[in-house]
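All letters in the sequence shown, in the order written, are residues 1 to 459 by full-length UniProt numbering.
In short, the hints are calculated from the structure, not lab data. Just to be clear, a hint being listed does not mean it is correct.
To be verified - Label-pair restraints from in silico Cβ distances:
no., residue 1, residue 2, range
1, P202, V78, 44 to 50 Å
2, P202, H82, 53 to 59 Å
3, D263, D301, 20 to 26 Å
Nothing here was measured: the structure is a model prediction, and the numbers come from that model. Positions of the beta carbon are idealized from the N, C-alpha and C atoms, including for glycine.
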Amino acid sequence: MAGENPESNWLRMAKTTARRFNWAWFLDKLSLPLLIAGLLGACLIMLARREWTIFPWAPSLAIAAGVLASVALIAWLVARRHFTTQDTALVRLEAAMKLNNSLTAARHGIAPWPKAVTESSDGTSWNWPRLLVPPLATLFLLSLAFLLPISAKNDPNAAPPEEPANRQSLQASIDELRKDEVIDEEYLDEIEEKVKELREQPKEEWFDHSALEATDSLKEAHEQQLKELERDVRKAERALNALQNHSQGMTPETRERLLDEFDQSLEKMNNGAMKPNKELLKQLGDIDPNQLGNLTPEQLDQLRQNMREQAQKMQGAGGQPQPGEGEGEGDEWLDELMQEGGQPGQGQGNEPGQNGPGQNGPGQGGINRGPGTAPGVLGQEGEELGIGGLEGLESRDLSNTLPGDLLELQDGEHNVDKSKVGVREGGAVEDLGEGGELIWKIAPDLHPNEKKALREFFK
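Kindly generate the complete structure, drawing on both the sequences and the hints.
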């Protein structure tokens, strides 16, 4: 500066040089901790973005400021041991500017201060790549942690995970039954609570073997109960139909059986885990099948129509019917229940068949009898199949036989040698004896125990 005395000039330059060297030491000791802190901070930021839907900016900035201050403090304490003083800076200046220790001598009052200068050089320069790489790398890592696309676990905008198919099917059945109002609400609430317990399990365990097996068991039990209830409702409706429309021509035994069927179906509906809606159950409980005449035909028809609709809705909520199930089952069940024997040629009631009394021919059918069709009405009868006869099967593949398996069984007679014993050499007739003595002679190769047993047998 103009007008500045030489001492102040050189001391100011020495102070600036010392500050420059101290900053270099501090930045050198800060670079590595700063890079490590940036790497750890980027990892923590990505984890926070994954765990939380809304990133906590305020706490994160406070934590980042605290970490940066701690790293800077540690770096300053480490670099402080290498800091340059003002006197040391004067030595560096006189060495770089070749002043031959004049500054040091002036500092100690031995010689006057050299003439003041406007610019000084300590002989050093900044290494910008080494100085800028650590902070720029740290900034890059932190920016990357914010810019990478990461979905939060509990993102409300994300699509919910799809449930297993068996649980979706069970829930759809429950919703359908609740919408149609055909099942008692208590049962639906109970089974929906069980489904809710399965749904509250961790989503990572939804497709585990145990979770799928539990859902399958619950679904199978629900469908089985639904089928049983549907069958009971249909049986009760058909029994009412028969008692209402065919009571005139049925025998007391058949009527009793129909009453029993109705009572059993009603009892199962009352005692089962799954019950029909309370309105239908009350209507059926108020009916006395023995006193159906107290109800008008319109009331009975409306009740049976309601029962059929309820059973149809149960079938729809329970999935596709199995072969042999459904509405077609009713006619066969009623025919089997009400069918009674009759003589050939008889028609409806006690009227003879069209071929006259005592003659075979198709009848007119009826509620107390079979269809009345004549034999062979469906076409020419084929040959008898000989059912009941025993026929041997022969297999020539012996690759899978085991020791002890029976390979063949035949009927036959013992091969007895009936040739007469002739004259032996020498003119003598050999007498072989009889009984045990004969066995001894004709079978000399038998085991001693076998020979002993034969002697005891032929005594």
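Which hint numbers doesn't this structure obey?
No numbers; nothing is violated.
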